[in-house]
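Student: If you read the protein sequences in the order shown, they are chains A and B. When the letters of the first sequence are read in order and numbered with the working numbering, they come out as residues 7 to 340. When the letters of the second sequence are read in order and numbered with the working numbering, they come out as residues 7 to 340.
Bear in mind the hints are in silico, worked out from the structure with no lab data behind them. The reader is advised that the hints may include incorrect statements.
Because identical chains share one entry, a pair is satisfied inside a single copy or across any pair of copies.
The calculated DSS-like cross-link candidates involving lysine-lysine, where the alpha carbons are at most 25 angstroms apart (straight line), are [to be verified]: (1) 321 <-> 233; (2) 252 <-> 316; (3) 233 <-> 19; (4) 296 <-> 112; (5) 112 <-> 321; (6) 19 <-> 316; (7) 49 <-> 267; (8) 233 <-> 44; (9) 19 <-> 252; (10) 267 <-> 210.
Since we're looking at a predicted model, the values are computed, not measured.
Protein chains: 2
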Amino acid sequence: MLISEIGEVQLIKCLTEDVSLDPELVVTGIGDDAAAIKHPGDKLQLITKDILVEGIHFLREGISPWQLGRKSLAVNISDIAAMGGVPRHLLTAVAVPSDTECGLVKEIYRGIKGLCREHSINLIGGDTVRSPQGITISITLLGEVEPEQLLLRSGAREGHLLAVTGCLGASAAGLELLLQGYPFQQEWEEEVLKSHLEPPVRLKESRMLSESGAVTSMIDLSDGLQKDIGEICQASEVGARIFADKLPISDATRKACRYLKIHEVSLAFIGGEDYELLFSFPPERLSWMKDLWQRERGENLEVIGTIVSKEEGLKIVDSRGGEITLSRKGFVHF
Amino acid sequence: MLISEIGEVQLIKCLTEDVSLDPELVVTGIGDDAAAIKHPGDKLQLITKDILVEGIHFLREGISPWQLGRKSLAVNISDIAAMGGVPRHLLTAVAVPSDTECGLVKEIYRGIKGLCREHSINLIGGDTVRSPQGITISITLLGEVEPEQLLLRSGAREGHLLAVTGCLGASAAGLELLLQGYPFQQEWEEEVLKSHLEPPVRLKESRMLSESGAVTSMIDLSDGLQKDIGEICQASEVGARIFADKLPISDATRKACRYLKIHEVSLAFIGGEDYELLFSFPPERLSWMKDLWQRERGENLEVIGTIVSKEEGLKIVDSRGGEITLSRKGFVHF
């Protein structure tokens with residue numbers, strides 16, 4: 007059945023019929039001129055919004071509608087996580103051509119609503135409209151955080167250490183495989199493709215970090231480590247030194263890099279859409295942080311870099327401390 | 007200068023450089039992963055979101071970029087006003103082709119920011135991205151309202167009276183003129199065109215009505231009186247009887263209707279995008295409401311209809327109480 011056949015009212019009804027809302031927080035959700043919610047006055051409210059356009063941010067043949075819906079929300083949850091907060095309320099706006107199959111829009115919403123259920127997010131409003139061509143999705147996500155646990159990009163200071171919540175480069179490897187085709191269908195292919203199409207949601211890690219009181223700055227890795235650490239450097243007015251040999255790279259990513267003939271460190275440093283959290287903390291909290299990581303995640307916390315003065319700028323260095331520059335094929339020593 | 011020449015970072019900088027935020031409310035605005043704001047815990051928060059697509063909601067040649075920006079925000083302010091609230095914070099997402107002139111995007115933002123300044127709205131975030139073709143604008147507007155002053159669609163009861171905050175049909179007449187061309191450039195043309203391109207912002211009236219304690223339901227007229235009163239009827243489980251000869255229609259709209267050969271009552275009843283507020287109140291508050299209207303607006307409050315039982319449905323009646331149905335050319339008596 008096409009959207010043009012059932013109409014907007016019927017479509018919205020069908021998309022929202024299984025939405026359940028927290029009556030303690032939501033006074034009125036979908037169905038009035040605006041949503042009305044209660045917000046605890048002692049917490050800060052977090053708000054993030056983005057817009058994803060077919061042909062620019064995704065290709066319809068490269069991602070399933072369910073994955074597209076899930077990912078649209080996941081990347082916004084990542085923004086709330088990067089502030090140390092928890093997501094609470096969601097508004098979605100979707101523009102689709104009227105000759106689109108209803109099933110496709112339902113699948114997008116199934117991806118969105120699944121993640122809502124997983125993280126107790128209330129779908130409280132939005133807009134569903136026609137577009138002349140192509141799908142556009144805009145997400146607005148509201149969250150909250152205790153004022154003392156808000157984590158900004160601007161708190162990194164010289165000497166602070168840098169770490170990340172997971173492996174780097176897998177999503178970029180997945181995207182590259184998608185663009186080139188992926189002939190073998192081996193386990194490593196599946197793994198990097200999944201990293202790209204179903205990015206992680208680091209809410210548990212975010213709360214652990216914001217509640218630790220040790221973290222001084224945080225950002226989520228959407229544009230790639232190089233660009234995103236640059237954002238922390240700019241906001242904190244510092245520089246950073248990244249240790250090339252300490253970047254966490256999964257075996258699957260290494261295998262994908264060998265197949266794609268891309269240097270793995272380049273991919274980990276430059277590739278985007280990891281949606282891991284990058285954070286800084288003072289060196290005196292290192293052993294405490296390592297204990298926390300071991301206890302909560304059963305993993306070794308790797309320090310991937312250190313904050314230096316603004317004058318030193320942003321550098322990536324090899325194991326002997328020599329500065330390197332990266333190209334697609336590998337790195338070039340000065 | 008094209009957007010492709012200056013890039014996203016420079017564009018955002020240029021669009022947001024003159025944004026000033028209320029430091030009492032905004033902890034962090036544009037520039038981190040999410041915005042962080044303080045919200046007074048004793049008020050409800052209102053949130054509305056929509057998405058406007060070129061070729062569906064507007065034609066680039068029919069509206070100036072400044073008007074497009076202003077209207078995108080105005081129609082969302084109207085949603086907040088319809089709940090009895092005041093707008094506080096705005097997030098905008100704009101998708102534009104990379105061969106778009108920067109000046110055009112700046113003009114859209116000038117329209118948005120002008121209205122922000124007028125109503126003390128903080129522009130706290132958003133997204134600016136490329137699109138393969140056409141402009142898409144998504145607005146998220148946050149507002150607030152005292153819990154006891156929240157006005158829903160669901161409070162209308164049998165016997166309640168209906169009124170609107172201004173004239174009807176002008177915007178639809180303006181749209182019709184735009185589509186047909188408007189050869190005379192007379193005063194009445196300018197007036198109805200302006201109603202369509204620069205819709206009213208009824209915040210003052212909204213506050214007056216929500217603070218009056220007399221209003222039982224309210225909605226903003228975006229889809230036309232017929233459809234929007236239908237929303238109140240559905241939410242309140244009632245019917246309504248609209249008095250055709252009491253619908254407020256401006257002289258300019260009457261002149262436009264004569265030129266366009268459309269019946270003015272049809273236009274006022276069916277035409278969309280008036281962005282006036284439609285509200286109900288109990289009959290015992292009528293003289294009080296009339297006094298309020300006279301005192302605050304220097305105008306006579308006209309009762310345009312009455313709420314009846316659900317079984318009676320929605321009807322429009324002539325001065326003798328006879329039911330009429332409307333067509334483009336006029337009305338047909340049963």
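Student: Checking residue 296 and residue 112: alpha-carbon separation at most 25 angstroms within a copy, between copies, both or neither?
Tutor: neither (43 angstroms within a copy, 48 angstroms between copies)
Student: With identical chains, the pair residue 252 and residue 316 could be close in the same copy or across copies; at 25 angstroms between alpha carbons, which is it: within, between, both, or neither?
Tutor: within (22 angstroms within a copy, 70 angstroms between copies)
Student: What label fits residue 233 with residue 44 when the C-alpha limit is 25 angstroms: within, between, both, or neither?
Tutor: neither (37 angstroms within a copy, 30 angstroms between copies)
Student: Measure nothing new, just compare the shortest in-copy and cross-copy C-alpha distances for residue 233 and residue 19 to 25 angstroms and report within, between, both or neither.
Tutor: between (42 angstroms within a copy, 17 angstroms between copies)
Student: Is it within a copy, between copies, both, or neither that the alpha carbon of residue 112 lies no farther than 25 angstroms from that of residue 321?
Tutor: Answer is neither: 46 angstroms inside a copy and 36 angstroms across each miss the 25 angstroms cutoff.
Student: My question is about residue 19 and residue 316: at a cut-off of 25 angstroms on alpha-carbon distance, are they close within one copy, between copies, both, or neither?
Tutor: between (54 angstroms within a copy, 22 angstroms between copies)
Student: With 25 angstroms as the alpha-carbon cut-off, assign the pair residue 19 and residue 252 to within, between, both or neither.
Tutor: neither (50 angstroms within a copy, 34 angstroms between copies)
Student: Regarding residue 49 and residue 267, is the shortest C-alpha distance of 25 angstroms or less found within a copy, between copies, in both, or in neither?
Tutor: The answer is neither: 48 angstroms in one copy and 57 angstroms across copies each exceed 25 angstroms.
Student: My question is about residue 321 and residue 233: at a cut-off of 25 angstroms on alpha-carbon distance, are they close within one copy, between copies, both, or neither?
Tutor: within (12 angstroms within a copy, 61 angstroms between copies)
Student: One pair to classify: residue 267 and residue 210, alpha carbons no more than 25 angstroms apart. Within, between, both, or neither?
Tutor: So residue 267 and residue 210 fail the 25 angstroms test inside a copy (35 angstroms) and across (64 angstroms) alike.
When held up to the earlier numbered hints, the structure conflicts with 4, 5, 7, 8, 9 and 10 and fits the remainder.
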